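Asker: Chains as they are written, first to last, in the numbering used here: chain A, 1 to 371; chain B, 1 to 225; chain C, 1 to 102; chain D, 1 to 561.
In short, the hints are calculated from the structure, not lab data. It is possible that some hints are incorrect.
Claimed, not checked - To give an idea of the interface, some chain D residues facing chain C are shown, with a C-beta separation under 7 Å as derived from the structure:
| # | residue |
| --- | --- |
| 1 | Leu216 |
| 2 | His252 |
| 3 | Phe256 |
| 4 | Phe303 |
| 5 | Gln315 |
| 6 | Ser316 |
| 7 | Tyr318 |
| 8 | Ala319 |
Unchecked claim - Pairwise CB distance ranges (calculated):
| # | chain 1 | residue 1 | chain 2 | residue 2 | range |
| --- | --- | --- | --- | --- | --- |
| 9 | A | Pro199 | D | Gln466 | 50 to 58 Å |
| 10 | B | Ala126 | D | Ser140 | 30 to 38 Å |
| 11 | A | Val27 | D | Gln72 | 44 to 52 Å |
| 12 | B | Ala126 | A | Glu124 | 51 to 59 Å |
| 13 | B | Ala126 | D | Leu61 | 50 to 58 Å |
| 14 | B | Ala56 | A | Ser38 | 49 to 57 Å |
| 15 | D | Asp69 | A | Pro288 | 48 to 56 Å |
| 16 | C | Gly16 | B | Arg184 | 33 to 41 Å |
| 17 | D | Ser140 | A | Tyr291 | 31 to 39 Å |
Being a predicted model, the structure only gives us computed values, none of them experimental. We put the CB at the ideal spot given by N, CA and C, even for glycine.
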Amino acid sequence: MQSWLPFMPEKASTFADRVDGLYFYLVGLTAFFTLLISITIIFFVIKYRRRSPTEVPRPIAGSLKLETLWSVIPFLIAMSIFVWGASVYFAQYRMPKDAMEIYVVGKQWMWKIQHTTGQREINELHIPVGRKIKLILTTEDVIHDFFVPAFRTKADVVPGRYTTLWFEATKPGRYHLFCAEYCGTNHSGMGGWVTVMDPTDFDQWLSGGANQESPVTAGQKLFQAQGCVSCHGAQGEGGKGPPLIGVFGSKVKLEGGETVEANEDYIRNSIRNPQSQIVEGFRQPLMPAYYKEQLSEEHVLQLISYIKSLSPTKAQGNGSATTAPALQNKEQTGTATTTTTQGTTGANTKDAAGSNPVIKAQPGGRKSPGQ
Amino acid sequence: MAVGHVETHSAQTALAHHFDNMEQQREAGSIGMWVFLVQEIMFFGGLFLAYSIFRAKFPEAFAAASNHLNWKLGGINTVVLIVSSLTMALAVYYAQVGKRRPQIWFLTVTLLLGATFLVIKGFEYAEKFRDHLFPGPGFHWEGHGDPNQVQIFFWIYFAMTGLHALHMIIGIGIISYLIFYARRGRFTPEYHAPVEISGLYWHFVDIVWIFLFPLLYLLGRHLGE
Amino acid sequence: MSEHIVSRKIYFAIFGALMVFTALTVFAAFIDLDRVFHGANTVVALTIAVIKATLVVLFFMHVRYSSRLTRVIVVAGIFWLGIMFVLTVSDYMTRPNGLVPQ
Amino acid sequence: METSVTTTQPIEAPRLNYLNNGYGIKSWLLTRDHKRIAILYLASVSLFFMLGGIYAMLIRLELLTPQGDLFQSNTYNKVFTQHGIIMVFFFLIPAIPAVLGNFLIPVMIGAKDLAFPRLNLLSWYIYVLGGIFTLWALISGGVDTGWTFYAPYSTTYSNSFVILAGIGIFINGFSSILTGLNFIVTIHTMRAPGMTWFRLPLFVWSHYATSLIFVLGTPVIAITILLLAFERLAHVGIFDPTYGGDPILFQHLFWFYSHPAVYIMILPSMGVVSELIANFSRKNIFGYTFVAFSSIAIAVFGFLVWGHHMFVSGQSVYAGMIFSFLSFAVAIPSAIKVFNWTATLYKGSISYDTPMLYALAFIGLFLIGGMTGLFLAALGLDVHLTDTYFIVAHFHYVMVGGTLMGYLGGLHYWWPKITGRMYPEGWARFAALVIFVGFNLTFFPQFIAGYMGMPRRYHVYAPEFQVLNVMSSAGASILGTGLLIPMIYFIWSMRYGRIASANPWKLPGLEWRTSSPPPTENFEVTPIVTWEAYEFAPPESTQVVGKLQPGDKPDVPALQT
Ligand code: HEA
Ligand code: HEA
Ligand code: CUA
Ligand SMILES: [Cu+2]
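Kindly produce the complete structure, drawing on both the sequences and the hints.
Answerer: If you want it as structure tokens, here you go:
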């Protein structure tokens, strides 16, 4: 279905209106200045056309008044755009507390998607309408970009790191999913559809794949299989290796003084190259690095969601540690985000609790509106 | 350096056809060289930026790797370069006052010092190759610190010192060119711009090393092995 | 501008200073200044390097005696390097975990 | 042609000019005359422009239909990559400085040549060498990374000839650096007596600003490309995360140069337009000092905004804020220029010669291109627009609608001076019109496609975008044919064009006070400048609006202090 305006993309997220508003403001400005200048020019060009080959007009030196006028006014206008743009951006950047998490892994040239309830999809994303969705994205290979025009949002998916993106769909339907960052041969083929469903239909769809195991259980299995248990303990209570219970979302003190926040990036990093951050008191390098060969990005995500499930409470509270005070009082109703964990650690650890796979997120799937 | 000599040894008379007078030509030469050096600053700047960021990211690994470098050789080389800077400055001085013999002599010493620097650097490189510390498939590291990150240190180390050495080699070429013409008695108190601006270049290369030495060899020593 | 000839004395004096500073920087590197404050060693090492560089630029490279234009050029070079560093680092520093190992 | 040029020259013209002063390949390939070097550049740059243009046409042909039926996907990727690389690095960046700047700066400031003629020739050879490497890359199989070479795709995953192309760009960079260096030194030290800074034509000012960027920016892309190439060779490095590297760092280093580079592309063109507007309305430019210093301001601020290409890349939000803010700040000097140009027309005596048509087209199109730049600088909006066709439209409006128009205007304007022949006015006006129409038809629809969400660098696209793409392709063919016309009549005019007098437009600029084509030494005797820039009428008849004095301040040439 098309929107009421020709040549406008569909609006399907609570966020679309804000972006469109800014867009129309700028279209207006552009039209205004284009008309202003071109009409003036045409007027002058006709009025002062050369009448005799020898005529010499009197020179005009210039005018300080005018110069200041047309530097200051454009500057003020520009600032208005800046402020508006920034406010929209911040709205995008603020993570909702109670979002339903979905894991996304990009690889040349497909999107692999896994719901906390276990459903897996490829190049398809099913979400309920009117529910805040938070994607945690990464990639196996090069940079990709998760782009849903109808939601007016996108985020680069950067290798070696997690990016988050979130939105709240407002209208059931099927919308384009594009890869917007050039990623090689089949870049233009790396897309699919986002299907927004009524909550009831969505639950139907969910129950369809109920038998599949959730990332948490999958992670737990990996935790056994990969031999993590031998050092971190059967329940992650720790042993030769540091304990994992309650680690997620806490501040971890490292060898060499500095403390870091145990967010997704930290845990992924501790799996991929453990030597790079050694937890205080575990100097001797026991833990082997797990490369792509042993653990795909999806596996890592499963392990992370398992480890998250080990710290139901701790994950709370320190989220704001890294969110700018300036933002604390910002309104929470942003819809889509396009910032990396860097930008959003605070926020996304905060709601790590809210969306903790065990405590909330799994129900978050089933208990989604309407059930 | 190109900027300088290209212009001057062209015409038989020292004054190139398109300049009005020697003064203008000299000025053009030195400004030209300075602008060129600014471009050099930005060129190395990119590497220094990369260094700073990764050092901040991987402090442990960088300290470990840096401690593995041979600071004595690095120090000796620093001294060698500073001395060569002095001799270069003196060579310029004697060109200015028009004393040919000491000028040639100091140019030669500068050249030899430059060569010494490269030889010592050569030994250092050889050492690193022997210990499989050259980044790439053959890289091997069992000191503490994540091998990947240590490798990045050595990557930056070789990139920076390598480019610096390249500049030294060019510099040596220029100096031998200067010696050649100095012996022909080309340079006079009126006309010695080439010596002067080549001096600028040489000092710049020295300055780069003045930063490389502490950054690569020394930071992290206090942590001990 | 007729060029200014720097006396040899100055050259030797500068040379001496450079040597002293070199010794100093090596010496300083081996004592643990981080106890004073984190990164003190780096600060010291860089300060010394900057001083040395300045000496070379001012005297060996005659900037102290050169035209205003030359000085402007030198400053510009350093300034632009500054731009590159400050803005790039401003990104890394403001990432909550921008500078922890990745 | 040379002989015929001299015969009917006005009396004051010497029998000998730079064109007929020596014949044969050697007299060209070994020349140190900045005018001949400019011609060498003109030839090579035009070749690259054609090549890039053909690629462009292939792109548009492919995009006629949603399903990619003309090429394989990776062929298409190579096509747009090579289109971008060639157009940016081998056409647009050298185009105006190396051709028009090279030819005119010494003449405009009353010098015999650039400060370092041999260096000038060397930079041409470097340029050619870089070009050869790039062409070599294209012939041996091409590059498919996009002109932005983003890691880790370029360092690890692409299996195309990245290194070769990289070397080409690396080498070519030094050509830019040396040209910039040459300009800076020349403008500082070689001005004729009486040619104070504030008597310089604005063309020279803008080239001075451009040279600053050449010298300060280009080295960074050089080192970056070098590191990229090594990383690709050695399979270790600082960009690919699998080696512990950081892909965002590459983007910082790349854009640190490549954003200022876009001002390298626009500033010279702005200089040309300032000349055209002033001269073809026989008025001194309105607010000379403001136009002059806005160029410098653009060059300086241009270095502070590169992060606006990375709003969604994983850069910190706060850095995003800073860069967005600065991007808006840098728009102001451009605004000042636009308004001053418009004001210059007021009470002028405006002629409708072809160069003027291009100048007016420039203002309009650059305005739209620039304003859409503001869309992209606005954080929240860029999130939706980035990497869509909106970007493509934006930068073609500024680069083609802006720079290319300025370049064509300049070529027509100085053609008599360069070749001693006039171009056919009628045809020229017609071509200008065709190009203008074709251009807008090509790129305006892309704004809409972009906002509707069509991503760039797409070989296969969603059917609903087809209408717009067909329009765009139709426009492109008009544009292409429009551009064909000047190519033909320029070449034609070299032999058959009407002989040009020394000063066909009746203008005061120094370049019009020597014969066309000028003698090798530019002037018989070094001119002594006693007049202001664009001084058509005697100063006493100057009419002052507001308080501002005419921009003449006694210059203290730095070398005196
Ligand atoms: C000649 C080249 C050129 C020029 C001059 C510009 C000029 C500008 N550009 Fe553009 N740009 C490119 C070439 C250029 N650009 C290219 C090639 C890319 C894509 C690279 C890639 O990814 O492949 C790009 C991409 C690009 C982006 C990144 C988009 C993205 O990838 O997400 C941004 C974001 O801020 C941007 C902004 C601007 C701005 C603010 C200006 C400003 O300088 C414009 C200033 C001019 C005006 C504002 C108009 C005149 C003013 C008035 C008429 C008065 C009214 C003014 C006000 C009210 C302020 N450009
Ligand atoms: C100076 C810069 C410049 C110039 C002049 C142009 C000129 C043109 N560009 Fe280019 N373009 C870029 C710089 C430029 N482009 C860049 C940097 C990119 C990004 C690449 C990337 O994503 O990596 C790009 C990408 C780009 C795309 C997007 C590709 C994609 O993202 O999938 C498209 C699509 O329409 C396009 C079209 C055109 C067209 C139709 C022209 C026309 O104006 C060309 C007109 C010129 C000619 C036609 C040649 C002269 C005429 C003849 C030789 C006569 C013979 C020819 C015929 C009669 C057909 N360009
Ligand atoms: Cu993935 Cu483009
Ligand atoms: Cu930009």
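Asker: Could you run down the list of hints and mark each one as holding or not?
Answerer: Verification of the supplied hints:
1. Proximity of leucine 216 of chain D to chain C holds as hinted, the smallest CB-CB distance being about 5 Å (cut-off 7 Å).
2. The closest approach between the C-beta of histidine 252 of chain D and any C-beta of chain C is roughly 5 Å, which is under the 7 Å cut-off, so the hint is satisfied.
3. The beta carbon of phenylalanine 256 of chain D is positioned within 7 Å of a beta carbon in chain C (closest approach about 6 Å), and the interface hint is therefore held.
4. Among the interface hints, the one on phenylalanine 303 of chain D holds; its C-beta lies about 5 Å from the nearest C-beta in chain C, closer than the 7 Å criterion.
5. Residue-level restraint check for glutamine 315 of chain D holds (minimum Cβ-Cβ distance to chain C is 5 Å; threshold 7 Å).
6. Given the 7 Å rule on beta carbons, the hint for serine 316 of chain D holds: about 4 Å separates it from the nearest Cβ of chain C.
7. Interface hint at tyrosine 318 of chain D: satisfied, since its Cβ lies 4 Å from the closest Cβ of chain C, which is below the 7 Å cut-off.
8. Annotation: interface hint on alanine 319 of chain D holds; nearest CB of chain C at approximately 4 Å, less than 7 Å.
9. Restraint check, proline 199 of chain A to glutamine 466 of chain D: a C-beta distance of roughly 35 Å breaks the suggested window 50 to 58 Å.
10. A hinted range of 30 to 38 Å for the beta carbons of alanine 126 of chain B and serine 140 of chain D is consistent with their spacing of about 35 Å.
11. Separation of valine 27 of chain A from glutamine 72 of chain D is about 38 Å and departs from the stated range, judged on CB atoms against 44 to 52 Å.
12. In this structure, alanine 126 of chain B and glutamate 124 of chain A meet the distance hint of 51 to 59 Å, their C-beta atoms being roughly 58 Å apart.
13. For alanine 126 of chain B and leucine 61 of chain D, the Cβ-Cβ distance of about 57 Å falls inside the hinted range of 50 to 58 Å, so the restraint holds.
14. For alanine 56 of chain B and serine 38 of chain A, the Cβ-Cβ distance of about 51 Å falls inside the hinted range of 49 to 57 Å, so the restraint holds.
15. As the Cβ distance of aspartate 69 of chain D to proline 288 of chain A is approximately 50 Å, the hint placing it in 48 to 56 Å holds.
16. For glycine 16 of chain C paired with arginine 184 of chain B, a C-beta distance near 35 Å keeps the hint of 33 to 41 Å intact.
17. Look at serine 140 of chain D against tyrosine 291 of chain A: about 33 Å separates their beta carbons, and that is inside 31 to 39 Å.
In this structure, the earlier hints numbered 9, 11 are contradicted, and the remaining ones agree with it.
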